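Starting from the known structure of chain W, arrange chain V on it as the hints suggest.
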Amino acid sequence: MTVTDLCTPLSHEVLFLRAGDRVTLSGMVYTARDEAHIRMQEKGIPFDPCGAVVYHCGPVIRDGRIIAAGPTTSARLNALTGFLLDNGVKGLIGKGGMSRQVVDQLRNRGVYLAFTGGCAALAAARMKLRGGFYEDLGMAEAVWAIELDHLPLVVAIDASGNDLFEGVARNAQQQFKKRFRERKEVVD
Amino acid sequence: MISPTDPALLSAISKATCEALKQAEIFLPPDVVGAIRNARDCETSEIARGELDNILANLKMAEDLSVPICQDTGVPVIYLTVPPDLPVTNDLFEAVNQGVRTATDTVPLRPNVVLPLSRENTRDNTGPRMPDIHVRPGEKLSVTALPKGAGAENMSRIHMLLPSEKDQIPKFVAETMLLAGGKPCPPVILGVGIGGTFDGSAALAKEALLDPIDEMTPYEREILAAVNSLGIGSMGLGGSITALAVKVKTAGCHTASLPVAVNVQCWACRRATVEVCR
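Quick note, the sequences are listed as chains W and V, same order.
Numbers given in the working numbering equal positions in the first sequence, counted from 1, plus 1057.
Numbers given in the working numbering equal positions in the second sequence, counted from 1, plus 16.
Hints listed in this document are in silico derivations from the structure and should not be mistaken for laboratory results.
Here the structure is a predicted model, which means the values were calculated and not measured.
Just to be clear, a hint being listed does not mean it is correct.
Reference listing, derived: stretches of chain V covered by chain W, where coverage requires no fewer than 3 residues with Cβ under 8 angstroms from a Cβ of chain W [what the hints assert, rightly or not]:
(1) 185–191
(2) 194–203
(3) 249–257
(4) 275–286
Ideal Cβ positions, reconstructed from N, Cα and C, are used throughout, including at glycine.
Same shape as in the complex, but just chain W (with noise of 0.2 angstroms):
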């Protein structure tokens, strides 16, 4: 499989991204959380939007360091992600992907990445630190200003509303009905 090579800040080239594609991406990223969304929905975004890519993650630095980064569950942003993707954020990093809402907001305007949950030392190593904003609401739940250099990442959701996780869910739904059915007939 190909992998593309993705530089912030993104432009309509994420449009074309299927549901599978493997990518890396390099440069600026924000990492926001809970509280970091609805600062930002409160007071602005602090950061230009445009093109810009927000990474799910509260990341554990010490002096200037980013020492674990790895990503946080996505589904929590759910209700919180659309102003961000309304003013022009083009991606979002994360994991275990997100609802049918922002599958539907994110159609012709941007994809969600999924990175993969634990790599935290993986990510550290990739990632310089450059800034931050909201300091105020703890190391976890600021907003972080990343270098990114090739990150490894999946397009889980597409800009044509395909997700990756939609279909898994239903399939691991049909394959345990199948399981646990058949096998209460070869009993009876």
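For chain V alone, kept in the frame of chain W given last:
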């Protein structure tokens, strides 16, 4: 009998606790690394293979940089093995607590422990009945650390089955992963406690995670096959390997009950044992 208040002994217990936590956070045990490598070779989905490649690269990076594998460094679950000549006193527990505080500061660990209702962070990963300390009798004094992250722990389940529902156990375990999907960071390891009491089955399920995963009984393999048939795959992106292993532990139970607990563990099955130098 050795005096449990001997400051040198207490300090050695603190040191061993800190060291066990540090080792667990940075290096995965060889049986777990072997199972992840094996999964990488057997996985049929190309996307999932990419995820497993990331996990293997991450393990090497954590080792090279001497940093925690995952930013969720968990809550400290500790198994203390105590030899016959040492009385179990509060001093031993306080020595373990001190080891947790030192590890939090020096590894460093993310301060994850909060008070459950006020959500106030204790800042040093200790608190009321935390670390969670389990004492077992043994020959040598040792500390085993099993730091447990929240993503997988939150997907764990317990169910009081009827004694006639023994055949429903594989279904209950598979259903646990069906509900969890990609949330517990698969490929997972499932600790299954069968029997005992309501709380005892949960403790058994957690203890099962201490057992090496490079061997499984036919029953454990049967449950594993049921889980893997769901196709959830690494990180819920789809694939043939959703769980690396299922480990079962059993205990005697009431003739009218059949408690079953499933403790979900992400791929980072962090555990390390350090003997206390006496």
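Status of the hints after comparison with the structure:
no.	hint	verdict
1	185–191	holds (count 3)
2	194–203	holds (count 5)
3	249–257	holds (count 6)
4	275–286	holds (count 3)
Going down the numbered hints, you'll see the structure goes against none, and every one checks out.
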